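Novice: Please construct the entire structure, taking both the sequences and the accompanying hints into account.
Protein sequence lines correspond, in order, to chains A and B. Per the numbering used here, the very first residue in the first sequence carries number 1; after that it's consecutive. Per the numbering used here, the very first residue in the second sequence carries number 1; after that it's consecutive.
Read the hints as simulated data drawn from the structure, not as lab findings. Nothing here was measured: the structure is a model prediction, and the numbers come from that model. For every residue, glycine included, the Cβ atom is placed at its ideal position computed from N, Cα and C. Check the hints yourself; a few may be wrong.
Between beta-carbon pairs, the in silico distance windows are [what the hints assert, rightly or not]:
#1 Tyr140/A to Pro310/B: 50 to 58 Å
#2 Asn82/B to Val119/A: 26 to 34 Å
#3 His58/A to Gly286/B: 19 to 27 Å
#4 Gly286/B to Phe115/A: 14 to 22 Å
#5 Phe209/B to Arg87/A: 47 to 55 Å
#6 Ser109/B to Phe217/A: 34 to 42 Å
#7 Val288/B to Asp136/A: 50 to 58 Å
Only some residues are given here: those of chain B computed to face chain A with a beta carbon under 10 Å [said to hold, decoys possible]:
#8 Leu20
#9 Phe24
#10 Val56
#11 Leu58
#12 Val105
#13 Phe126
#14 Val127
#15 Trp244
#16 Met252
#17 Val288
#18 Phe297
#19 Val306
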Amino acid sequence: MDANTFLIQVLNGIQYGLLLFLVASGLTLILGIMGIINLAHGSFYMVGAYLAFSLSQHFGSLWLAMVGGVVIAVAIGLLLEWLLISRLYHRDHLYQVLLTYGLILIFEELRSLVFGDDVHGVTVPALLQASIPLTDTLSYPVYRLWMSAVCLALAIGMYLLIQKTRLGMMIRAGAVNREMVQSLGINIDLLYRLVFALGVALAAFAGMIAAPVASVFPGMGSQVLIVCFVVVVIGGIGSVKGAMLGAILIGLVDTFGKVLTLEIGGFRILPELSGMMIYVLMAVVLLARPEGLFGRRG
Amino acid sequence: MRQVHAASIVLLACLLALVLLPLFAEKYYIQLFTKMMIMAIFAMSLDILVGYTGLVSLGHAAFFGLAGYTLAFAAPQYEAANLWLSLPLAMGGSALLALVIGALVLRTSGIYFIMVTLAFAQMVFFVFHDTKIAGGADGIYIYAKPVAAIAGWQPFSLENHTHFYFTVLALLALVYALLRMLLASPFGRVLVGIRVNEQRMRSLGYRTFRYKLVCFVIAGALAGMAGYFAAAQFGFVSPDTLGWHQSGGVLMMVILGGMGTLNGAILGAFAMMLLELGFQGLPVLGGVDIGKHWQLFMGGFIVFAVLLLPHGLLGLGGLASRLLRKSKERRNG
Numbered sequence: 001m002d003a004n005t006f007l008i009q010v011l012n013g014i015q016y017g018l019l020l021f022l023v024a025s026g027l028t029l030i031l032g033i034m035g036i037i038n039l040a041h042g043s044f045y046m047v048g049a050y051l052a053f054s055l056s057q058h059f060g061s062l063w064l065a066m067v068g069g070v071v072i073a074v075a076i077g078l079l080l081e082w083l084l085i086s087r088l089y090h091r092d093h094l095y096q097v098l099l100t101y102g103l104i105l106i107f108e109e110l111r112s113l114v115f116g117d118d119v120h121g122v123t124v125p126a127l128l129q130a131s132i133p134l135t136d137t138l139s140y141p142v143y144r145l146w147m148s149a150v151c152l153a154l155a156i157g158m159y160l161l162i163q164k165t166r167l168g169m170m171i172r173a174g175a176v177n178r179e180m181v182q183s184l185g186i187n188i189d190l191l192y193r194l195v196f197a198l199g200v201a202l203a204a205f206a207g208m209i210a211a212p213v214a215s216v217f218p219g220m221g222s223q224v225l226i227v228c229f230v231v232v233v234i235g236g237i238g239s240v241k242g243a244m245l246g247a248i249l250i251g252l253v254d255t256f257g258k259v260l261t262l263e264i265g266g267f268r269i270l271p272e273l274s275g276m277m278i279y280v281l282m283a284v285v286l287l288a289r290p291e292g293l294f295g296r297r298g
Numbered sequence: 001m002r003q004v005h006a007a008s009i010v011l012l013a014c015l016l017a018l019v020l021l022p023l024f025a026e027k028y029y030i031q032l033f034t035k036m037m038i039m040a041i042f043a044m045s046l047d048i049l050v051g052y053t054g055l056v057s058l059g060h061a062a063f064f065g066l067a068g069y070t071l072a073f074a075a076p077q078y079e080a081a082n083l084w085l086s087l088p089l090a091m092g093g094s095a096l097l098a099l100v101i102g103a104l105v106l107r108t109s110g111i112y113f114i115m116v117t118l119a120f121a122q123m124v125f126f127v128f129h130d131t132k133i134a135g136g137a138d139g140i141y142i143y144a145k146p147v148a149a150i151a152g153w154q155p156f157s158l159e160n161h162t163h164f165y166f167t168v169l170a171l172l173a174l175v176y177a178l179l180r181m182l183l184a185s186p187f188g189r190v191l192v193g194i195r196v197n198e199q200r201m202r203s204l205g206y207r208t209f210r211y212k213l214v215c216f217v218i219a220g221a222l223a224g225m226a227g228y229f230a231a232a233q234f235g236f237v238s239p240d241t242l243g244w245h246q247s248g249g250v251l252m253m254v255i256l257g258g259m260g261t262l263n264g265a266i267l268g269a270f271a272m273m274l275l276e277l278g279f280q281g282l283p284v285l286g287g288v289d290i291g292k293h294w295q296l297f298m299g300g301f302i303v304f305a306v307l308l309l310p311h312g313l314l315g316l317g318g319l320a321s322r323l324l325r326k327s328k329e330r331r332n333g
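Specialist: Take a look at the structure:
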């Protein structure tokens with residue numbers, strides 16, 4: 001592997017990791033702050049991708065589709081929290097798993113009813129269609145760089161929101177002691193609703209910007225969900241910092257697992273078993289730190 | 001005391017009905033009930049984890065599916081495997097996998113446990129999905145049902161659907177009885193203690209990790225038994241049999257029936273399979289094949305059940321008897 005290929009793979013790995021971060025950060029916030037395990041989080045990613053697909057055809061522009069898609073995603077998040085999720089705060093995790101599992105089935109079948117079961121593509125906006133040439137044969141698409149930049153900007157924005165604003169302070173306080181925050185006169189129900197909608201919007205947005213590079217297909221939600229679980233387990237529940245580190249780690253491990261070759265005793269381990277690599281990483285973290293890299297011991 | 005009595009009468013009646021079923025039912029229904037009983041064994045194996053020990057596993061299908069693959073490997077191509085060798089092999093393989101996965105996942109608890117069991121099951125899924133060892137994503141066929149021959153003598157034949165039915169029924173009854181005994185034993189009481197308050201069990205001197213691990217391995221082996229017969233009946237295994245939709249489905253069975261009671265797991269398995277069948281049989285309305293989108297109704301039903309049936313179907317019975325008692329008291333007093 002020469003330096004240019006290596007550079008491309010590093011960029012790809014970081015870009016995939018940053019994309020995972022958008023989905024995983026919502027998952028970890030909803031887990032850490034609201035105590036809700038949300039299996040349907042991957043479905044929101046899928047909803048985002050399909051919204052990008054259908055709205056960009058309708059408007060003729062991916063940019064407008066993204067704006068419209070985020071508005072719809074926030075509306076879905078607020079509605080779901082109000083209708084269903086808010087009834088789960090005092091229930092066992094078991095019921096949260098089941099209800100959100102039911103939601104997955106509903107989202108998947110609605111997708112199948114409306115869009116069918118085919119794989120769709122979304123074109124990259126004209127503004128970002130260029131590639132940066134690295135050598136005579138290798139180049140790197142601008143769109144992927146733009147994706148990484150946007151994800152990074154959102155990550156910084158989230159950090160500022162949670163650490164530096166009054167709203168973020170209330171969210172952090174709500175995660176520690178719900179009743180205390182409520183008795184201080186803060187509308188905790190509204191706060192939770194906002195956090196949930198934020199998580200849904202982040203996952204859907206990730207789906208939208210991923211649509212042009214990853215295409216739009218059935219089952220894309222479950223795939224992302226399980227990888228994001230691994231990210232959250234590695235990073236530690238509720239830790240946005242952990243989600244960032246875990247996501248980048250997973251992105252790099254997964255990308256390099258697919259391009260490296262490794263043979264042990266005549267058996268090709270990589271890339272054949274590259275799908276397993278991230279779980280091996282998770283097992284190692286579990287052995288060393290069962291509460292995750294940035295998790296609280298307890 | 002009277003309630004226990006009533007429950008055991010209902011149980012015996014159900015067993016009798018299952019024994020008599022092949023006398024008058026058609027082949028289709030015999031096979032359907034065989035499948036339902038296999039899923040009931042699967043659901044019971046999960047119930048001892050979820051309902052008794054309080055370990056919510058979202059990766060239980062890994063042990064179910066692995067056993068099916070073990071059967072496929074144990075059978076020479078186009079020939080049948082020997083039941084007495086391949087069944088222990090399949091259950092042992094699943095138990096071994098449960099030992100390895102259990103040793104890792106039991107280091108966590110609560111939400112972590114749910115996510116980690118799902119992730120490890122998905123890892124097993126990828127082993128069979130991405131490599132060519134067993135047909136990859138397409139799965140692998142099992143051409144002949146296992147032969148129950150002991151040194152040339154064949155007491156029954158699994159190729160016969162009635163024999164298959166009674167074999168599964170006998171195993172269902174056996175597993176039920178063994179689990180009842182296990183759960184009533186000191187070992188079972190420790191498991192329940194762990195669910196209620198693990199800290200206290202530990203301070204009483206129990207090494208809870210070992211108890212949980214043994215429970216996890218037993219559950220894995222029994223899931224393997226169910227997976228073995230499911231694969232034998234269907235004649236086909238694919239990565240989907242160990243996928244997470246299978247794990248979610250069986251969890252739903254346990255909870256729908258009412259967890260922590262083996263009866264509930266059996267009831268849940270039967271009810272879920274009948275519901276699935278009912279939803280699939282929905283007609284074409286306005287040009288849309290509703291039956292094809294049965295998962296939509298299943299999802300809606302699950303959401304509905306979580307919100308309105310917190311104690312499962314068995315809880316429905318409890319609710320009815322409570323209402324009855326109340327109205328009686330009102331009449332008497």
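Novice: Against each hint, give a clear statement of whether it holds in the structure.
Specialist: Status of each hint after checking the structure:
Tyrosine 140/A and proline 310/B have their C-beta atoms about 54 Å apart, which keeps the hinted 50 to 58 Å range intact. Between asparagine 82/B and valine 119/A the beta carbon distance is about 44 Å. The supplied range of 26 to 34 Å is therefore violated. Separated by about 24 Å at the C-beta atoms, histidine 58/A and glycine 286/B satisfy the suggested range of 19 to 27 Å. Judged by the Cβ atoms, the range 14 to 22 Å given for glycine 286/B and phenylalanine 115/A holds: they are separated by roughly 18 Å.
Distance hint check for phenylalanine 209/B and arginine 87/A: the Cβ-Cβ separation is about 34 Å, which falls outside the suggested range of 47 to 55 Å. The beta-carbon spacing between serine 109/B and phenylalanine 217/A, approximately 35 Å, falls within the hinted interval of 34 to 42 Å. Hint check: valine 288/B to aspartate 136/A, Cβ distance near 54 Å, so the stated range 50 to 58 Å holds. Interface restraint check for leucine 20/B: the shortest CB-CB distance to chain A comes to about 35 Å, outside 10 Å, so the restraint is violated.
Checking phenylalanine 24/B against chain A: minimum C-beta separation of about 35 Å lies over 10 Å; hint violated. The interface hint given for valine 56/B is met, as the beta carbon of that residue sits about 5 Å from the closest beta carbon of chain A, less than 10 Å. For leucine 58/B, the shortest C-beta to C-beta distance to chain A is roughly 6 Å, which falls under 10 Å, so the interface hint holds. Taking 10 Å as the C-beta contact cut-off toward chain A, the hint placing valine 105/B at the interface holds, the least distance being around 8 Å.
The criterion of a C-beta within 10 Å of any C-beta in chain A is met by phenylalanine 126/B, whose closest approach is roughly 4 Å, and the hint holds. About 6 Å separates the beta-carbon of valine 127/B from the nearest beta-carbon of chain A, less than 10 Å, and the hint is met. Taking 10 Å as the C-beta contact cut-off toward chain A, the hint placing tryptophan 244/B at the interface holds, the least distance being around 7 Å. The beta carbon of methionine 252/B is positioned within 10 Å of a beta carbon in chain A (closest approach about 6 Å), and the interface hint is therefore held.
Contact between valine 288/B and chain A, as hinted, is supported at the beta carbon level, the nearest pair being about 7 Å apart and thus within 10 Å. Hint status for phenylalanine 297/B relative to chain A: holds, with the closest Cβ pair at about 9 Å, below 10 Å. Here the hint on valine 306/B is kept, as its CB sits about 4 Å from the closest CB of chain A, short of 10 Å.
Checked against the numbered hints above, the structure violates hints 2, 5, 8, 9; every other hint is satisfied.
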